[in-house]
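Trainee: Sequence:
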Amino acid sequence: MADYEPFVKAATVSGEVPTDKAVFWQAASTLAHDYSGSRRRYVASADTLTGYLGNHVFAWCGQEAEPGINFDSCPLEADCPRFQGQYAGMWTAASKAFAEVSTGVIQMILNGTTAGTNVAFNETRYYQQFM
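Following the working numbering, the numbering of the sequence shown begins with -12 at its first residue and continues without gaps.
Quick caveat, the hints were computed from the structure, so don't treat them as lab data.
Honestly, I wouldn't trust all of these hints.
[Said to hold, decoys possible] Within a straight-line C-alpha distance of at most 30 Å, the following computed DSSO-like cross-link-like pairs (lysine-lysine) qualify:
#1 8 - 83
#2 -4 - 8
#3 -4 - 83
Computed from a predicted model, the values in this text were never measured in an experiment.
Using the sequences and the hints, build the whole thing.
Mentor: Structure, rendered in structure tokens:
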């Protein structure tokens, strides 16, 4: 997480999340983004600059050594030891920053049908860590 804090701090815009307009979600990405209306009604973390860059720009596939950057595909984090922790580290920093700039009434969308480690109130979830 610490590796991404300077980036997240620079990319987080004051006032980016209007009061009473933040929506947090767990295992309900499609529903949360439909509900937020891509910033028309509410703001989800992916609707911020940091979230957009995390979802659409960064792939964490680059490296200085051979073979270099893979522009075609990116292995899943679990399949590639050199990337382990990077994706989660970025989203942990981004989620923390999103929570810090969210004020007023917070909307929360949880998927109550998940099981295992993906249950809504798992202590490892981002929002649980920073509440």
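Trainee: Hint by hint, say whether it matches the structure.
Mentor: Verification of the supplied hints:
1. 8 - 83: Measuring from Cα to Cα gives roughly 16 Å; hence the hint holds.
2. -4 - 8: 21 Å, holds
3. -4 - 83: 10 Å, holds
Of the numbered hints listed earlier, not one is contradicted by the structure.
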